[in-house]
Amino acid sequence: MMLLTDIEKHVTPLSRTEKWQLIKDVQEMLMREEVSELQHLSKSGVTYPLFTPVGLEEGAVKLQHYIQEGKL
Amino acid sequence: MNTQRFSYTPMPPFSGGMPVVHVELAHGSSSLTTPALTDSGAAMNLLPFECGEQLGFIWEEQRLSLPMGGLLPDAKAFAVPVTLTLEPFPPIELAFAWVDVSQAKIRVLLGQINFFQHFKVTFTAYEQHFEISSRPA
Chain A
1 MMLLTDIEKH VTPLSRTEKW QLIKDVQEML MREEVSELQH LSKSGVTYPL
51 FTPVGLEEGA VKLQHYIQEG KL
Chain B
73 MNTQRFSYTP MPPFSGGMPV VHVELAHGSS SLTTPALTDS GAAMNLLPFE
123 CGEQLGFIWE EQRLSLPMGG LLPDAKAFAV PVTLTLEPFP PIELAFAWVD
173 VSQAKIRVLL GQINFFQHFK VTFTAYEQHF EISSRPA
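In the order they appear, the protein sequences are chains A and B. Take the first sequence: its position 12, counting from 1, is numbered 12 in the numbering used here, and each next residue is one higher. Every number in the numbering used here is 72 more than the matching position in the second sequence, counting from 1.
Careful: at least some of the hints might be erroneous.
[Unchecked claim] Result set (SDA-like, lysine to any residue): computed pairs, CA atoms no more than 25 Å apart in a straight line:
hint, chain 1, residue 1, chain 2, residue 2
1, A, K71, B, S103
2, A, K62, B, V193
3, B, K192, B, T81
4, B, K192, A, E57
5, B, K177, A, V61
6, A, K62, B, L136
7, A, K62, B, A98
8, B, K192, B, P82
9, B, K177, A, E58
10, A, K62, B, T81
11, B, K192, B, G113
12, B, K192, A, Q68
13, A, K71, B, K177
14, B, K148, B, S174
15, A, K71, B, Q126
16, B, K192, B, Q126
17, A, K71, B, H190
18, B, K192, A, L72
19, A, K71, B, P163
[Stated by the list, open to error] Rough simulated footprint, nothing fancy, chain B against chain A, three-plus residues with beta-carbon under 8 Å:
hint, region
20, 52–58
21, 62–68
In short, the hints are calculated from the structure, not lab data. None of the values given here were measured: they were computed from a predicted structure. Glycine included, C-beta positions come from ideal geometry on N, C-alpha and C.
Start from the sequences and build out the full structure, keeping to the hints where you can.
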């Protein structure tokens, strides 16, 4: 197994372009691993319910006002 | 601070569990026991329509309307006061958004306004448990 310090020795001499390309490649590698992990947690073709309704912030502000105004 | 540990509840087909607690909700002389999701992503507490009816609320008499958006754009909601009991904590009065959406579509949610203003919740999903503490006096 290569240590991070060993990797750094190999990366340092690379050109800027090659370093940016390396970052891009590693980023894509990470994305593939994340997607793979998500796919592992779920099954294809199965419906998964959404638990948290989005967009309730405006209502929450109004609810907070009702509480503060002692209307509840 | 009083702290209680709870286990995640399995919810197939989802491979992980969900942080669900069993609570008693009460209003006047009516009460019900129901599972409720401690949902840090929910902006407010939600009460499905049937639960509100069981607690004796009358839809036509409600005046404190709440705007709903996002995934519930056509839903109507009113603010209602509900006494929540979550053992081993003492009962506490919370504000819920009572929505005209069936419990078949939406569960009881304990959200930021105002469950999370009264309780500290620490999720440890990778160990499938979470802890709830009452807010210090």
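Verification of the hints:
With a C-alpha separation of about 21 Å, the suggested pairing of K71/A with S103/B holds against the 25 Å cut-off. Only pairs whose Cα atoms come within 25 Å are accepted, and K62/A paired with V193/B is accepted, the gap being roughly 24 Å. Simply put, K192/B and T81/B have alpha-carbon atoms about 19 Å apart, close enough for the 25 Å limit, and the pair holds. In summary, the hint linking K192/B to E57/A is supported, as the alpha carbons are separated by about 20 Å, within the 25 Å threshold.
Between K177/B and V61/A the CA atoms are separated by roughly 24 Å; this keeps the pair inside 25 Å, and the hint holds. At roughly 9 Å between alpha-carbon atoms, K62/A and L136/B fall within 25 Å of each other, so this suggested pair holds. Taken as a hint, the K62/A and A98/B pair is honoured in the structure, with Cα atoms around 23 Å apart against an allowance of 25 Å. The straight-line distance between the Cα atoms of K192/B and P82/B is roughly 22 Å, inside the 25 Å bound, and the hint therefore holds.
Distance check on the hinted pair: K177/B and E58/A sit about 21 Å apart at the alpha-carbon level, within 25 Å; holds. At roughly 32 Å between alpha-carbon atoms, K62/A and T81/B are farther apart than 25 Å, so this suggested pair is violated. Simply put, K192/B and G113/B have alpha-carbon atoms about 14 Å apart, close enough for the 25 Å limit, and the pair holds. At most 25 Å may separate the alpha-carbon atoms for a hinted pair to count; K192/B and Q68/A meet this at roughly 21 Å.
For the proposed pair K71/A and K177/B, the alpha carbon gap of about 29 Å is over 25 Å, so the pair is violated. With a C-alpha separation of about 12 Å, the suggested pair K148/B and S174/B falls inside the 25 Å cut-off, and the hint holds. Between K71/A and Q126/B the alpha-carbon distance is near 22 Å, which keeps this suggested pair within the 25 Å criterion. The straight-line distance between the Cα atoms of K192/B and Q126/B is roughly 28 Å, outside the 25 Å bound, and the hint therefore fails.
Pair hint K71/A plus H190/B holds up; C-alpha atoms about 19 Å apart against a cutoff of 25 Å. A distance of roughly 23 Å separates the Cα atoms of K192/B and L72/A; the hinted pair therefore holds under the 25 Å criterion. Straight-line distance between C-alpha atoms of K71/A and P163/B comes to about 20 Å, which keeps the hinted pair within the 25 Å bound. Under the rule that three or more residues need a Cβ within less than 8 Å of chain B, the assignment of the region 52–58 of chain A holds, with 7 such residues.
Counting residues of the region 62–68 of chain A whose C-beta lies closer than 8 Å to any C-beta of chain B gives 5; at least three are required, and the coverage claim holds.
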